[in-house]
Amino acid sequence: MLVAASASCAEGGDEPVTAAPIRVDLRSDYVAGVEFTTIRATAEGSSPIERSVSFGETFADWTRVASFESALGAVRVELIDAAGGVVAAREAAPATGRTSVRIAILRCEACACTSPEDCPVLPTCTAATCDLGACFYEADHGMCPSGVCDPSEGCSATIPDGDSDGVPATEDCDDGDPAVGRDATRGCEDACGTGTEMCASGAWSACEVTCTCEPGTVVTETCGNCGTQVNTCGTDGTFTMGGCVGEGTCAAGEIEQGGACGQCGTLQRTCGASCGWSDFECVEPSAGCWLWNWSAGSGWTAFVRPVASTADAPTEAVVAAFDVEAAGEAYLLTAARYHVMRIRDRTWITSGTLASLFPDLTGVPHAAGSIPADHPMPTTDGTEGLQVHTSTNLTFVYSNVAGTRTWTSSREPVPCCGPAWTGPDAPAFLNVRAAWLDANNQHGWFDADPATLCMGAEGRVYDIPYFSLLEGADAHLLEAGVCFAFAPQRTAATFGPFADAGGPGVNDITAAFYRETDQELWVLTP
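Numbers given in our numbering equal positions in the sequence shown, counted from 1, plus 453.
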């Protein structure tokens, strides 16, 4: 989720923060009554303000959601679901000298766009627009037989009843309050003052405000992006609201993100106090890069660790990894859990305990390697295989049940270690921290001569399958087609992709997997 925050413009330089009235306006493409039922605004020096929302309300335009009589500094706005959980949140502070703040909470994680076609596609009932360079989504409930569109799932089969009062959200005036049903009233406010709005059968009327004033009175207010609005009281004792003039190109405090930069950074610019954009700068994550990809065409590309709240993403250290060619998925293993990632867009699919995935596995994994279906080890029936090395000095061997995430044991665990592991070019088994199989030597990284390495390989022409194993600062290559012997040991920094600039420190790598289909290597660092 990417969210953008904005505040009214400032005049002059920085000043000490003092308590002052603050008005809070919200814009969001999360769906009221479906994805959230309550808006909570908090500010230092004032009690929290909560506002219930109803199905059918829209926050596509800036909407006043809170007014603090006296508050300090930043305001935080949270969207709360029916269970009380925070769906999304953002905070921002009014610019110096201003008493209003605008906060936008958007669902799109990669929001930069020039047209709707740049925006990720959501279910049919949810359409994207490109609004001021950001993807903004609108749910069309009329496209659904049930009358309810959930952007994360599509047309809902059932109509929600968030407060469990027996009144469906489509007819409930406040689906977050079981004491409110099909009819209700509540206070409201607009630029003129406070008033009342009415609800009948779940539909709220416009805010009705008695707007009286002294004829000839002129009130000047800030508006929009550092603009000015002049309201004049007419002879009938009511205000005529002027238009917003003199606006800037953006909302003060708003942050816009561009493309990737640096190792795993993002281009970013900020809207200043005068509502004008700064230049783009490359902002690298404070925690550094986490997931790295190498391809022949692009070299190294790095990605940040997913935020802690990302469903199914690992929060503990990843100790081993492997991929499934046919599914296009990678499994990242921690000491006790597994996490499945769709590789093409790095989306987290599912997670669970290691015991549920590998019931017979003992110890903690320290390396793993998948085996493509066209390689005869460990099976010859065209299924993908897997080896998991653990702290118990055992290698567990599995085969994948095609089309599923089920792994069956192919044989009894193999004790470490065979004759090949006793030579000077072999690593210490328990010191191997990353491994992968390149079944076809696609990039020529295995440069040893099979004829001198393997008896019986003389004159044989074949794509040399080999395992790469990282130990300390060294790379060990195990021929995996004829004799399963280790090639001469070499320094990892001079081996294959690690000789290219821009990659991770070899000693930092904790896990790896290789995609035969894409001819790409993926590695993880802490």
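Rather than coming from a laboratory, the hints here were simulated on the basis of the structure. Ideal Cβ placement from N, Cα and C applies to all residues, glycine included. Wrong hints could be hidden among the right ones.
Cβ-Cβ distance ranges computed for the label pairs, FRET-style [stated by the list, open to error]:
#: 1; residue 1: T723; residue 2: A788; range: 37 to 43 Å
#: 2; residue 1: A653; residue 2: A580; range: 25 to 31 Å
#: 3; residue 1: P738; residue 2: G648; range: 42 to 48 Å
#: 4; residue 1: G816; residue 2: R517; range: 54 to 60 Å
#: 5; residue 1: L585; residue 2: D689; range: 50 to 56 Å
#: 6; residue 1: A749; residue 2: D571; range: 23 to 29 Å
#: 7; residue 1: T875; residue 2: G752; range: 34 to 40 Å
#: 8; residue 1: T905; residue 2: A788; range: 46 to 52 Å
#: 9; residue 1: E497; residue 2: D765; range: 48 to 54 Å
#: 10; residue 1: P569; residue 2: T723; range: 24 to 30 Å
#: 11; residue 1: R799; residue 2: A580; range: 23 to 29 Å
Structure-based check of all given hints:
Distance hint for T723 and A788: a CB-CB separation of about 40 Å, consistent with the stated range 37 to 43 Å. With their beta carbons about 29 Å apart, A653 and A580 fall inside the hinted range of 25 to 31 Å. As the Cβ distance of P738 to G648 is approximately 46 Å, the hint placing it in 42 to 48 Å holds. For the pair G816 and R517, the beta carbons lie near 59 Å from each other, so the given range of 54 to 60 Å is met.
The hint said 50 to 56 Å for the Cβ distance between L585 and D689, and at roughly 37 Å that hint is violated. Take A749 and D571: their Cβ atoms lie about 27 Å apart, and the range 23 to 29 Å holds. A hinted range of 34 to 40 Å holds for the C-beta pair T875 and G752, which are about 37 Å apart. Here the CB-CB span from T905 to A788 is close to 40 Å, at odds with the stated 46 to 52 Å.
Taking 48 to 54 Å as the suggested C-beta distance range, the pair E497 and D765 does not conform, at roughly 35 Å. Between P569 and T723 the beta carbons are some 25 Å apart, a value that agrees with the proposed interval 24 to 30 Å. A hinted range of 23 to 29 Å holds for the C-beta pair R799 and A580, which are about 25 Å apart.
Checked against the numbered hints above, the structure violates hints 5, 8 and 9; every other hint is satisfied.
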